[in-house]
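Chains as they are written, first to last, in this note's numbering: chain A, 6 to 295; chain B, 229 to 767; chain C, 9 to 334.
Because the hints were derived from the structure by calculation, they are not lab data.
A quick note: this is a predicted structure, and the numbers were derived from the prediction, not measured.
There's no promise every hint is true.
FRET-style restraints, in silico, Cβ to Cβ [said to hold, decoys possible]: (1) ASP758(B) with PHE242(C): 51 to 57 angstroms; (2) SER386(B) with ALA20(C): 57 to 63 angstroms; (3) PHE242(C) with GLU375(B): 54 to 60 angstroms; (4) THR470(B) with GLY182(A): 33 to 39 angstroms; (5) ARG247(C) with PRO550(B): 46 to 52 angstroms; (6) ALA595(B) with GLY182(A): 28 to 34 angstroms; (7) GLY128(A) with THR84(C): 34 to 40 angstroms; (8) PHE238(C) with PRO352(B): 40 to 46 angstroms.
Every residue, glycine too, gets a C-beta built ideally from N, C-alpha and C.
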Amino acid sequence: MTGVITGPVAEPVAAAPELPASPGRRRRRVRELHVHLVLLAFLVLVALAPDLVTWHDPYELDGLPFTAPTGEFWFGTDEIGRDLFSRVVHGLPISLFSALLAVAVALAGGAVIGVLSGLRPGGLVDRGLGIITEAIMAIPAVLLALAVITTYGRGAFVAAIAIGIGEATGFARLIRGCVIQSGTLTYVEAARTCGAGPVRVVTRHIIPSSYHPVLSYTALHFGLAMLAIGSLSYLGFGEAPPSAEWGVLIAGGQKYLAHAWWVAIIPGLALTAVVVLLSRIAYLLQEDPA
Amino acid sequence: MTPLLRVTDLTVAYRRAPGDPDTALDAVSLDVPRGQVTAVIGESGSGKSTLAHAVVRLLPRTGQVLGGRIEFAGEDVLRRDDRSFRALRGRHIGFVPQDPIASLNPTKTVGAQLREAFTLARSPLPPAEVDVRIRQDLRDVGFTDPEPLLARYPHELSGGMRQRVLVTIAFSQRPELVIADEPTSALDVLVGQEVLAAIHAARTRHDTTVVLITHDLALASRHAQHVVVLRGGSVLESGPVTEVFADPRHAGTQALLASSARVAHGRVRSIAEAYRRRAPVGPAVPEPAEPPAVELDAVAKRFGTAKRGTQAVDGISLTVPPGTTFALVGESGSGKTTTGRLILGLVRPDRGTVRVFGRTVSSLGRAELRALRRDMQVVYQSPFESLNPRLSLRGIIGEPLDAYRAGTRAARLARVHELLDLVHLPRSYLDRRPRELSGGQRQRVAIARALALHPRLLVLDEPVSALDATIQAQILELLTEIQQALGLTYFLVTHDLAVVADVAARVAVMRAGRIVEQGPTAEVILSPRDGYTKALLAV
Amino acid sequence: MTGGPRLAGVVAGKLTHAAVVILAAYSASFFLLFVLPGDAVLARIGTTDTLGSADVSGLDLDLLRDEVGLSGSLWTQYWTGVTGLLRGDLGHSLVTEQPVTQLIGEVLPNTLILAAVSLAVSVPLGFLLAVLAVAPRSRLVRSLASLVPSAYVSLPVFWVGILFVYVFAITLGAFPSSGSQGAASLVLPTAVLALLGSAQFAQVLISSLRVELGSTYAAVTAPAKGAGRFRILFRHCLRNASFPFLAVFGLRIGQLLGGTVVVEMVFSRVGLGRLMVDSVKAVDLTVVLGLVVVLAVAYVVINALVDIGYLLLDPRLRRRSTEVAV
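Chain A with its partners taken away, still in its complex shape:
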């Protein structure tokens, strides 16, 4: 139950492509992937320097409350007259970087557990770690995250670490499977009989052959972590107002839905757009270019 907050499960990512890959198809996919990666890079740039693309201060009362979207206020203004566009742009780094932290925690934790248990499947270490993984999975991720946040304090970064811990179980399972599978590959055995030592086998053969599925899974869970962080903020366990975190914006706008829909709806659209971008990247990464 790793993705409990947001729902989506990871398994469907291993989707089979409708057609076998042909050279032309592969080229098109790689091109599409590059376009998406450029988009992502642009988002990261904006996140690093949000002031470059906004002309209002996200925390100043620059306009009248509840101004509908106009040329001056692209996304309108909120209940006290702050520019929503500027707030959404300034919320991007919070969402993006805390989600990055979450997947980093999940990936690091998952890699350690996965590699340790995958090297000797069925061994004592594997079974012990298996119980721990399953126990964490048995605790709903929301509850786990809420518990961590209560004990360590509010904030997007604590929320990110909390989510990362929950997600680590999924990464651990995936990486364990990859390690076990690549151990059975003929070319890995061939490398061993060539005299390649364990370090060489792992760095030159096992990691490169596992990294595609893991990369794809990471991209997908990057998006899911953004959703999860948004959910926690919405519940009041992440960032607190007046932060411009998207979950906070949506929660704040909910009260005014009836006469100012944009305050809640537009930040949600922004969040969706970024998550769609990330899951598309995940989908495109699934097919191994090698």
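Put chains B and C on the given structure of chain A with help from the hints.
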């Protein structure tokens, strides 16, 4: 009499990318005479499977018939729409697929899948008679007791049994035509024989016309009356088997026939006959004074637990003289691959000793084993799986050099160049990746990698079985050439006695973990004593 | 087929494993909540917002500890908790002093109804979408049906809820936007959850259906017998494609029990999720632990049921013998 099936100028292409169609069949024409077996032969990529699938209209979504006619019983069936064409399948045209493992629905019983054929063909038989006929048909293809079989699921049957079930399905509606697409290529030789016997029995009983798609010339010449030779999507020639095989007119056909030393003058010679006709190629057995390269003494290895497991190797002993080729022959599951792995030290024996160049492999520590590995290397069966797709040839062939830090970078590169020369690959291939190479070229790369550290022993695990016949001949030639130049010892693991006859000095035949017969190649091939060896030789 | 004793052994092994997982989940949560912060009392004080969490030096911690029911050493508390667990006693709320089982029992029906109704809708809808993604001749319909689920799972659930409130409750006035009374109040939250569930199901089903449709028995053997596309899809592939679905189905039930928080907050409903948020906010640790235990039990039970489901449906797992008369 008009032929039952007549294909005229059939052109089929696969859509790879917009504007880049890949033509698989180029204006192919052929006749399939009624009541006989027509073999369509060709190597991989010749379009023979595409032809089979195009006739029953089962091309994958990317495949398209671009032109031509397919006349079945005088009617151009390409004019039919999908719905009315479906009425032909099963009832008038049966099909035996290539891969018995994936060709049956894993969650339906064999009985249900057999009965479905009757339902779909709207068979007029009442259910009780259908059951009787299914049982009779199963008996006809060699199942002595069909009753328990009907309630089984496919995973409970062996590959050969599944293939015979598929044959039963194909013939169940008494179609005029049955197309068998490489029905034995996924099976062991002797099991394949049973399947072919089943097809033969069903065909003669019901007077069915059969199209047999195959890459195996011996099989074609033994089972077919007519033959069509395909290459690169075109028909090279066609005609009665005796004529085409005895007097091939096209250079391509001649090359194909030359790749199999067993086909000559229109008929297949037995392995023994073919062997007798040639001077033995392998080097003569040297004096026993030299210490053996490999020695196995009462070696046993079991996988799994005592109750549920398999005795892969059951007390075998053998001696490989240095500088010669020793062949270990057996079918899948005989334990031959495990024996190869025991020699390489990848698997440790439960009992007995494995000695390579006088050192006991099983007692070596990690470092000593690593040192010994410089002397023994391996070439795997599938060149598609044994090469890391992400590395260039420089990385793959240079891997052992890098792993042992053999010399400077420049020296290693020079050695890689030398190895490319040795296996007759151009030096310009250095930066290519495996997927840019053909199967035969990949196997050359695998051989080059194995030779990088100047080993004295090569374990060749089915080195040619994944390759086309003409390529097989080239690789075997290359291996012989290298052996003579470098004085290597080969431990050849194979299922194919024909390959053995070509290269080995000594042979051991393995079955169910035991060696049933061993000796000099001439002795084993020309005067086999064991019944199993005789059966393998009779193929 | 295996005999009775072996079966009993397997069942015993599974039960032990389940017990170990539940105990591990309980212990992990216990130590996370009680040990890591240094002192749960401080955490309780820190979040009640009446005192600054920095200045606690002047307080009588022991008195407070007694007050909130956290006296005794950690191990004593842990031991009391575990033994209580064995008796089916989850303790009393630190805030309201009601038995935890009673608190959970009060809200459970609400969550169960929501979960059951949304599952009942999402399973057929998921299958429908999956079939639409592979069966129609029209490429457009196929791509749409396979794109919609993957786009839908990228939407933030709470935001979809808000959107639904805006469209259906505020703009159209068709359904109430909040509350947990009556069938009408169930419509919008169910819709949000059911759509998400069906999108997840469809994603799994689509990918496994594509694998099945591409395998030789469906692509060659069955059509060679004369089977049409729909027969192949419905009689052969759908069942075989359902096995991966089963795993996701189990996962989804778990999600619905533990993860309806957001929906319950959006629609102001009473349920397990809300209880979870409230008790975490109030640092009502026994209730939180009780929820962990209940949900962990649900998790292992569902997993066991899924395993049994596999055994019943997949003959490849049921019989392993390969001996058959030739």
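Among the hints numbered above, which are violated by the structure, and what are their numbers in rising order? Going through the list in order, the structure violates hints 2, 3, 4, 5 and 8 and respects the others.
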